[in-house]
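Hints are included, so try docking the two chains, each in its own frame, into the full complex.
So the chains spell out like this:
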Amino acid sequence: MNLNTQFVFDSKLKRNLMIGMAVGALCLAWSAVGDDAFYTRFWTNYLHNAVFFTGIAFTAMFFLSGQITAFAGWMIVIKRLWEAMSQFMLVGIFLLLVVVIGVWGHLHHLYHWNTPGITDPSSPIYDKIIAGKSGFLNPIFFTVGTVGFLAIWYFWAYKLRQNSLAQDKYETPSFDYYKRERKWAASFLPLGGFLSTVFLWQLIMSIDTHWYSTMFAWYSTISLFLGGLALFIVLILYLQSKGYLEYVTREHLHDLGKYLFGISIFWTYLWFDQFMLIWYGNIGEETIYFKERMDNYPVLFWGNLVLNFVVPFFVLMRNDTKRKAGTMFFAALLVFLGHWLDFFYMIKPGARIAAIEAMEHLEGGHHSGLKSDAKDLSAAPEAGEMPRVLAGVSAPVAEQGHKGGEQHAQPKEKAPAGNAESRAADHEKTSHEENAHAETQDAHAQHTGEHGEEHGHHEEASRGFLLGYTLPGFQEIGVLIGFLSLFLFFFFRQLERAPLLPLRDPFLEESLHHTTGVYIDGEESEHDHH
Amino acid sequence: MSAESKKVLYGLYTDEEQLKSAVKTARQGHLDIMDVYSPFPVHGLDPILGLSESRLHILGFIYGAIGALFGFLFMSWALAKDWPILFGGKPYWPVPSFIPITFEMTVLFSAWGMTITFYTICGMWPGVKAKILDNRISDDKFCIAFDVTEAEQRTISGFKDFFKRTGAAEVHEKTI
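For the protein sequence lines, the chains are A and B, in the order given.
Residue 0 is where the first sequence starts when you use numbering that gives the first Met the number 0, and the numbers rise one by one after that.
Residue 0 is where the second sequence starts when you use numbering that gives the first Met the number 0, and the numbers rise one by one after that.
Bound conformation, chain B alone (with noise of 0.2 Å):
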């Protein structure tokens, strides 16, 4: 996210397996991970890397009760009491008719709220130029990446180590 680059040390793995395993081991070795990269959601990944659950989703709740109220208080305003029709001899505030839009708003400003939220999270607004360490990683490569920038010769030989121990396919390092 931060506009200065960073130069990373990265291996890769063909199997999710070995990836699971090695994430492991690192962790184990208090190896400090930036990131870990799959072309799938790797189930069980989530708990071995140490990542807390999202808290997305209890975002997404409070913008659907944002939306609900919205929809259902605006069309209670604009068609009860600003400018009152008579529709088809329903009441003025006709509620049932109502649900479905309020429905309908609930999921928009949820789903458009979360996404908004999650992009903005992972840095990802338009014109953003794309840190891709390998386009493999998006085939058939799992990765475990770490970041080097300031690192001594020292810990990037011991990550190299690490890597050779799980079995990495390739060690690459790049700046991006």
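Looking at chain A on its own, in the form it has when it is part of the complex (with noise of 0.2 Å):
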């Protein structure tokens, strides 16, 4: 076996990858173009897929930490790879750096809390919620709790890619290293942990300013840390299928598929969680973000479960699967596209009401802390005004304003119990009847009608979902490709720069023969090949 080996990026895979960038750009520049409001297409894509593959990068780094903290030997073989994905961290600045600069010069209105004026008491649009979490949900924190964060985190990664490519000038096997090599990863385990929760919070559950939860950073970060797994198994079985990595054996496919395995059952307990806590809580400011997704994004919504819980549940219980090379791969692909599309879920839902916010705020609208009187903008004369695609998509929400309206002549402290029953009939149908979205579209043709108001939007309300925002359509899908090839081309970069096996590390030979002591009938030994 051949231990020296030297990863070569070649011009096919480099020219593949520049297609996919291409694809990716000409993508956001098509969702750009779009007729849209204030191109919350574009901008909810471009957070999307930015914050996916920067978070991959960061837990990569923390996975990685923790592996070097925790002694581990196992996983020295596929080191170098979990170092080359963290630097990509680098480009994350860069890219979130065009999120920041769109929310100081008010470029993109994807986060509420960014309205002009709306922490203003003089302002028509003032909102006291917002305004009470204004000390934190404010452009000079955003730009430190962001891409200030992820300069502190890149800086961790950079010294320890930097510590263990020293290491291979050694003669031979030292531990010298090793200690420097554990203050930065035990260092950056706190760092990374205590801020990823604000990193979260800022950009992606700012998206629904009024609302917060507890869970969320757990929830997201572990989202991210399994979308980042599953993209690294599929990666070291391709580039096996390459002629590299020969020395990684289902073995260490085994444990990579138990932390795919166990950590996605861990995801479900967090998502559950959130969702469990704030249906018995029953506060209607939290309740509605399910609300909102029950309703109008039932796809999304239970296929998030289906591929992020069901799928690794079952296809990965049993041993057998997660040493063959075909289903890791299989299951790990879903896992992947399942927590890309848990991020879709996480933005665009909010971003969509965050728009229509601000639109009614351009408008001059009155000032309304709930939501759902923002969706009866598309009932007002004025919506004809409205940009087509948002105004199609904030239809199906607007039959929830009018039955908000009942409520809304109820006294004040009333109003949640009267809320908790109707989210209760709606939970009860939406797990009942898959097509409980269908329906509420129907509901609203008919109140629309009653109304008698213009019908231009009711045919893009009544097509049922619409691509972008309930589910993702072929521009996200290329704004994915895109992203993703920058990615890999950033990450294939970084491995061709080194040896893809450290073969200094004092605890090379340990992961050499690494075994999980699991004996399966029928499958050849490996352990005499060593």
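Hint data in this document are derived by calculation from the structure and do not stem from the laboratory.
Fair warning: there could be bad hints in the mix.
[What the hints assert, rightly or not] Derived SDA-like pairs: lysine to any residue, alpha-carbon spacing no greater than 25 Å straight-line:
1) B/80 / A/279
2) A/257 / B/103
3) A/257 / A/279
Okay, here's the thing in structure tokens:
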């Protein structure tokens, strides 16, 4: 076995990734020229993928640090791949800088808290709740909490990488570098753990500005981690198909599969916790998040759970499936797409509402803290001036506003109770019938028909799902391909700069002979080969 | 597991690698090993011994599925059908609040089911008298045991010869 493997980033792969990036750029441009309010589709696509791939780089660094701190020897043969992935944070700084510039220059309306005048008591659009949060949700803190934190993380990742490359120069395996490596890795753990919460609150949770969840940072970080881990497994299998990493055995694959399996269950636990606490607590400003998603995005809501829980749970439950390249490739690919979709689900519904609210403010509309009021916009006469796409999308929710209208008439303290009943009823409806969405659409059509408004938008609404918001369309998939190509391009560039195997690592032998001690009937033994 | 006592010839080894190579030799010589004892799980011993994969985890899945169904259906019957109670403004059939308990029942049934099955298969029920070959097997000795209850003298000397060749530190005979 030739251990001194050097990865070669050949021109064919380079060309393919270049094509992928071009597709991404085209799709991004396509979503920008579309008839859309405040370029929301463009910005959400950009934010979604920028955060997702930067987050993958971060979690790669976090995982590597955790492994090093725990004296893990098994992963030394794939250590260089984690390192290469973590270096993408450098690109992430520039990617997220665009979002930050957008916040300062008001180029987008992703974040409702960034609307000018929203914290000014004399302004007609003054929002007391957002004003109360403005100590945290403001452009300065946003800048520090996104690119600032990312720069700190990248510094650590860079140091760890340099240290790892330096060990190649040692004549014999040495523990000197390892002591330094452990210092960087161990200090990164609290740094990454605490700062990542703020990072994700700022970038994603603040899209639904009124909403908050204490589980959110955990849930979304784990989602990123699983996306990264799944991509990592796919990349290992890809590199093996190209003749690299022949020393990565099914024992390593088995352990990666265990991580994918176990942490998928952990993700489900967090997902369910977030849902159940909010469902049980039944506070209107929290529940609206799930009501919106369950009513108008049922495919995303349930599909998320199927792809990220049911698939890894049942596919990876057995020992032997975790040791087969084909099954692992299939499962990892689905989980990767599942977590990409998870972020789609976190970002798109909220950003759409933020855009609708911004539109309302722009038209000098009245203030209301309730999102359902914003949906009345499409029923208002001015709706004709709204961009086509957004009007179409907001239509299904308009029906909610109609329902909510009765609640507004009630005394304030009674509102949550009324809300609860309708929500409980809705919840059952959604869990019983997959086509709750379609029903809402029909109800809306009736409702607007009664009021005899112009019907231009309703065709759009009755079409059901709207690509780009309720489900990823071609543009979204194109942008995913583009960002994935960018990520892989950078990853392979990093990979070719150093040997794939850290030959001077003191734990190398342990990793090469790693065994999980599992014996599967009919599987030829690999132990004799070493 | 049988109530009758057995005559057992066993050899003690001091190292796990020695044990593994001895087991390999025994398998090549078609010696019928009764059992192998070690103070800790020796990685890679199962395939050398020719043991098939354990099927206990399949039962674990079945027990877990039974537990999940039992927990969920019982709660549904008790709280939604037999005696409907409205809790905190939630529906009569509040599925999300059943899930934690369903999960716990899955784990409980799976764990208890597997434990009871394992003990039953191994013949370890309360009050059973332990058949211990040598106390040091749970400390630092590795043991290969042959059942010689009905063996001829020639076979026994063959076993003894095997122990000698594979470097067993001690060879004993014991009736358990």
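For each hint, the structure was consulted:
Taken as a hint, the residue 80 of chain B and residue 279 of chain A pair is honoured in the structure, with Cα atoms around 21 Å apart against an allowance of 25 Å. Of the pairs offered as hints, the one joining residue 257 of chain A and residue 103 of chain B holds, with about 21 Å between alpha carbons and a cut-off of 25 Å not exceeded. For the given pair, residue 257 of chain A sits about 32 Å from residue 279 of chain A by alpha-carbon distance, which is inconsistent with the 25 Å threshold.
Checked against the numbered hints above, the structure breaks only hint 3 and satisfies the rest.
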